[in-house]
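Number of protein chains: 6
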Amino acid sequence: MPTIVVDGPRIPSIELKRKMVEGLTDVAADVYGFDRKIIHVLIRENAPENVGSGGRLIADIHAERSET
Amino acid sequence: MPTIVVDGPRIPSIELKRKMVEGLTDVAADVYGFDRKIIHVLIRENAPENVGSGGRLIADIHAERSET
Amino acid sequence: MPTIVVDGPRIPSIELKRKMVEGLTDVAADVYGFDRKIIHVLIRENAPENVGSGGRLIADIHAERSET
Amino acid sequence: MPTIVVDGPRIPSIELKRKMVEGLTDVAADVYGFDRKIIHVLIRENAPENVGSGGRLIADIHAERSET
Amino acid sequence: MPTIVVDGPRIPSIELKRKMVEGLTDVAADVYGFDRKIIHVLIRENAPENVGSGGRLIADIHAERSET
Amino acid sequence: MPTIVVDGPRIPSIELKRKMVEGLTDVAADVYGFDRKIIHVLIRENAPENVGSGGRLIADIHAERSET
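Residue numbers (our numbering), protein chains in the order written: chain S, 1432 to 1499; chain P, 1432 to 1499; chain A, 1432 to 1499; chain Z, 1432 to 1499; chain E, 1432 to 1499; chain X, 1432 to 1499.
Treat the hints with care, since some could be wrong.
Because identical chains share one entry, a pair is satisfied inside a single copy or across any pair of copies.
[Stated by the list, open to error] Under the rule of at most 20 Å between Cα atoms (straight-line distance), these lysine to aspartate or glutamate pairs were calculated in the EDC-like manner: (1) K1450 x D1466; (2) K1450 x D1461; (3) K1468 x E1495; (4) K1468 x E1480; (5) K1450 x E1480; (6) K1450 x E1495; (7) K1468 x D1491; (8) K1450 x D1491; (9) K1450 x E1498.
The set of hints was computed from the structure by calculation and includes no laboratory data.
What you are looking at is a predicted structure, and each value in this text was computed from that prediction instead of being measured.
Given these sequences and hints, build the entire structure.
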């Protein structure tokens, strides 16, 4: 019953989400020596205006980059 | 100030959410021996394409089941 | 695969932890309409100097109370 | 790489989100003695029907208040 | 700045923790298309008496197994 | 009832924890326009061998730095 929670930006396709869940599960199953069956993954998709890095919103960092 | 966070699928009605919050609060207040007033609950509703179990997306597990 | 995380103070006995896990699981299984088997619970025990309420450490609130 | 996660109600403007991220980052950088660059913040906005306090949904507490 | 949090049992060696962090980071960097540098991982190790599965403490499930 | 969770390294004194809780609470109370009373803070202290950045354990990054 290990649980892996990933917080990041939006993941644009179900194929990529599938890849995320498969990949993270494989790593954890391998390290813990557990059956994949008992590993759970939660993907959280966060809007760029709800995430800050270095004291600035990702939304603002993106806006500035696209201006230049 | 204990906080309970429940991560699960969408809960389809406010009556069920009410029941969740009441029930979880009662259990925690009882175990901690605290007044219900200081117990907080957060319900997180997750899309089936953002949750994985056993290395597979819940969305895919559901799709496969409904095919058969 | 719903997961319930409880953050609170130390729970002083395994009997109480058992009661917490049983109780929370029953509530969630009932609300979601799921088998208890797929419900997971994590108990986090926090030191009073690592929790704040109203801008004050619980450790300080306790110390003040026991002085009076 | 400290991470601060804030769970609260909806924040109605990007200016307020900016203020939240800046303020929390400054406090953490100051306490840890770290450069602001490595501090991350996640804002989670929760619907009043997904939050409980004292065993009741915030949605119900609000509804009751506006009735009186 | 994606953050991955893994909640599971104790991981008995630093080599295994290294493998966990490397593996999870690689998967996330690949799926997001981000540089590994901005991916963070937190490992949380939970005592078997603080985790429940199917309404029972892992500590109790283990105890029962070793009896038989 | 907003809740702020800070995940970072060990904070070596209660004075610093006090400062963290006061500071984060003030920022959140100000942004939400709420009374400080309903703001909660949780400090999580993580060992350097349980945190990864850029695919490497903080414990390893520190060890390498002190070698040079």
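Cross-check of the supplied hints:
{"no.": "1", "hint": "K1450 x D1466", "verdict": "both (18 Å within a copy, 17 Å between copies)"}
{"no.": "2", "hint": "K1450 x D1461", "verdict": "both (16 Å within a copy, 9 Å between copies)"}
{"no.": "3", "hint": "K1468 x E1495", "verdict": "between (44 Å within a copy, 17 Å between copies)"}
{"no.": "4", "hint": "K1468 x E1480", "verdict": "between (35 Å within a copy, 17 Å between copies)"}
{"no.": "5", "hint": "K1450 x E1480", "verdict": "between (26 Å within a copy, 12 Å between copies)"}
{"no.": "6", "hint": "K1450 x E1495", "verdict": "between (31 Å within a copy, 18 Å between copies)"}
{"no.": "7", "hint": "K1468 x D1491", "verdict": "between (41 Å within a copy, 15 Å between copies)"}
{"no.": "8", "hint": "K1450 x D1491", "verdict": "between (29 Å within a copy, 12 Å between copies)"}
{"no.": "9", "hint": "K1450 x E1498", "verdict": "neither (33 Å within a copy, 22 Å between copies)"}
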